[in-house]
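Going line by line, the protein sequences match chains A and B. According to our numbering, the residues represented by the first sequence are 1 to 56, in order. According to our numbering, the residues represented by the second sequence are 1 to 625, in order.
Honestly, I wouldn't trust all of these hints.
[Said to hold, decoys possible] Between beta-carbon pairs, the in silico distance windows are: (1) A:GLY19 - B:ALA186: 48 to 56 Å; (2) B:ARG203 - A:ILE44: 18 to 26 Å; (3) A:THR38 - B:GLY595: 28 to 36 Å; (4) B:ILE262 - A:GLY20: 42 to 50 Å; (5) A:ALA13 - B:ILE262: 48 to 56 Å; (6) A:GLY20 - B:HIS507: 56 to 64 Å; (7) B:THR101 - A:THR38: 34 to 42 Å; (8) B:THR244 - A:GLY20: 14 to 22 Å; (9) A:GLY29 - B:ALA186: 26 to 34 Å; (10) B:LEU620 - A:THR38: 50 to 58 Å; (11) B:ALA261 - A:ALA13: 47 to 55 Å; (12) A:ALA13 - B:TRP222: 37 to 45 Å; (13) A:MET42 - B:ARG65: 49 to 57 Å; (14) B:GLY213 - A:LEU10: 16 to 24 Å.
[What the hints assert, rightly or not] Listing some non-contacts, in silico: residues in chain A with all C-beta distances to chain B over 10 Å: (15) VAL11; (16) PRO22; (17) PHE43; (18) ASN46; (19) ARG52; (20) ASN53.
Hints in this document: simulated from the structure, not taken from any laboratory. The C-beta atom is built at its ideal place from N, Cα and C for all residues, glycine as well.
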Amino acid sequence: MQLGFIPGMLVEAAHQAPGGDPRVYRVDGSEIALRQETAARMFIANELQELRNALD
Amino acid sequence: MSANPQLVQIDAGRPRTHAVALVGSPNSGKSTLFNTLTGLRQKVANYPGVTVESHLGRVRFDDGREVPIIDLPGIYSLEPVSEDERVTHDVLTGRMPEIATVSAILLIVDATNLARNLALAAPILSLKLPTLIVLNMADDLRGRGGTVDVAQLEAELGVPVALTTATTGEGVDKVRAFLGQRAIPAPKWAPLPVLQDVPACRRWAAQMGERCGYRAPAPPLWTRRLDRAFLHPVWGALIFLAVTLLVFQSIFTWAEPAMEAIKSLIAGGGQWIEATLPASALRSLLIEGVLGGVGAVVVFLPQILLLFLFIGLLEDSGYLARAALIADRTLGRVGLQGKSFIPLLSAHACAVPAILATRIIENKRDRIATILIAPLMTCAARLPIYTLIIGAFIPEREVLGPIGTRAVALIGLYLLSFLAAIATARVLKSTVLKSEASPFVLEMPPYRWPTWRTVGYRLYDRALAFLTRAGTVILVMTVVFWLLAHLPMRNGQPVPIEESIAGQVGHAVEPLIRPLGFNWRIGVGILSCVFGAREMMVSTLGTIYQTEQDEESPDLRSRVRQDLTLGGAWALLVFFAFAMQCASTVSVVRRETGGWGWAVAQFVYMTVLAYVGGYAANRLVTWIS
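Please take these sequences and the hints and turn them into a complete structure.
Next comes the structure, spelled out in structure tokens:
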């Protein structure tokens, strides 16, 4: 959480390690690598999806 | 200690060390600032009972005054979750007065991401200690178009703020001025968020940033460009392999001239002593014991320095984090993780620094598994005996281009050790050290040019530690072993080595090691390794053959060939690949795992593996030939 994964923060997926896992995420101005199993434990909403829902 | 009132008394009477604490997150340039401030007036401090290493140093002023300063472990928060955080927390709150009583704090913050990193200021300021906030990496901030109003930030936080670039020394004057004050003023009152509420701290930090006109720098373009290559699915993997091979290549080929130079220096010293001193026990002790034993260890200095040079360059440039990322998947298959890569790479030079390097692994079980397999990696100390035996028993024939049979044998031994380590890790991680899928969280710092100053300090530190060990522990051990090899005296003359204490012990263990094809001389050699380090094997065999005065074949290589069967030679190679014959490693494992349990288990495991492996090799080779 201290690394920037806090509610309301924008998370952007960046590079993958060769083989696809772990992956680097851009969050709160820095790049953090997480394994898929760790990343899967976070609840992330899709920005675009939310925008569409709001428009509907 | 409270059980012994006298000890407490002495402790209380001793003046406590007041020190300024250096606090900050990893990658904030904390250690660089520490080195810039203290120069070489520093020493590594190991905390009693905890597995965290830190540096104590002194900042000297023109009027001769010195201010002690302590570099605490890098942390992201002050909540005592990890070992590093607990130590930092306890020192700052005065729970570890035996280390230092903190009189003031320097909080280092990476200025290129102020909104996130300033969040650590909230718990630090709540301690109400005199504090200076150091916004580091000012050059990066400016270079990428960011700004911050330092005076405004001082007003908002109620403490002084300095803007620095630790690598160039920019702005460090203000830090020195802060430390040089006779009485450092306590912070003015400023509103702080609820500390347990991480989002609130983060919002507070962002608010502080906004109020002091902080403009975040543009994303690091070069880092993104470089990562496109270094983390490319194909190129990234190839670059990773190339870098790893380069490190290996350098350890073996580039270190060679320097090692040869040290060897000839030692040989020259021996000849000089032989020429100046009359034949006596003292001369023999100096040449065989001190020069032979300590010299055998000092020869490895170039290799160790080269390894640390590479690791330092890779770490400071930011590539090491990418390497850990790339290695994670492969190491994950055997239950380890990417952060194990750095220790396992270092272990190819020496297991001791490798075990210290496991401190970056937060997951305790992953860390212990890495510590347990690190000494199986082929360290530099095994090379002399490998070279001797391979040279003596394997005829050089071309296999593929410039690679000959001897190189293939050497590569085979590396592979054997590596596979044994991987298999051990797999077994450990699926049994006693089984853990929940460990969260792998690793920050990718932007790439930076490493500076010679920071890398240089580190090399100096390592060289000093290594030479100190060679000059103290190893020196004592070699002298003790030399005595065992020459005592008891008979008619004022030392007995032949076969009848000495060491020789008798060698004969006593001979039945035990005969199944492996070893005789008592090999037994004495192996015992000498227990006293010092593996590199003692060759010098001990040299001493034994020399004192036996076999004039016909003075060459060590041909003596070994006469002394061992082919099966015994292979058994010796396999034995050395697996056996834990290094007192330094055992002691560092005990310290880092917090007790004898793992250290003893590891020693027993490796010894059994070495014995069984050596036996199998002896039988197999004897049966084939």
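Taking the hints in turn, this is what the structure says about them:
1. A:GLY19 - B:ALA186: 48 to 56 Å: Since the Cβ atoms of GLY19 (chain A) and ALA186 (chain B) sit about 53 Å apart, the hinted range of 48 to 56 Å holds.
2. B:ARG203 - A:ILE44: 18 to 26 Å: Holds: the Cβ-Cβ distance is about 20 Å, inside 18 to 26 Å.
3. A:THR38 - B:GLY595: 28 to 36 Å: Given a distance of about 30 Å, which is inside 28 to 36 Å, the answer is holds.
4. B:ILE262 - A:GLY20: 42 to 50 Å: 47 Å, holds
5. A:ALA13 - B:ILE262: 48 to 56 Å: Distance hint for ALA13 (chain A), ILE262 (chain B) holds at roughly 51 Å.
6. A:GLY20 - B:HIS507: 56 to 64 Å: 60 Å, holds
7. B:THR101 - A:THR38: 34 to 42 Å: 39 Å, holds
8. B:THR244 - A:GLY20: 14 to 22 Å: 21 Å, holds
9. A:GLY29 - B:ALA186: 26 to 34 Å: 31 Å, holds
10. B:LEU620 - A:THR38: 50 to 58 Å: For THR38 (chain A) against LEU620 (chain B), whose Cβ atoms are near 45 Å apart, the range 50 to 58 Å is violated.
11. B:ALA261 - A:ALA13: 47 to 55 Å: Given range 47 to 55 Å: holds, Cβ gap about 52 Å.
12. A:ALA13 - B:TRP222: 37 to 45 Å: 21 Å, violated
13. A:MET42 - B:ARG65: 49 to 57 Å: Given range 49 to 57 Å: holds, Cβ gap about 51 Å.
14. B:GLY213 - A:LEU10: 16 to 24 Å: Hint holds: Cβ distance 23 Å, inside 16 to 24 Å.
15. VAL11: Since the minimum Cβ distance to chain B is about 13 Å, VAL11 (chain A) lies beyond 10 Å and the statement holds.
16. PRO22: Since the minimum Cβ distance to chain B is about 5 Å, PRO22 (chain A) lies within 10 Å and the statement is violated.
17. PHE43: 15 Å, holds
18. ASN46: 21 Å, holds
19. ARG52: Per Cβ check, ARG52 (chain A) is outside 10 Å of chain B; nearest 27 Å; holds.
20. ASN53: ASN53 (chain A) clear of chain B: closest Cβ-Cβ about 24 Å, beyond 10 Å.
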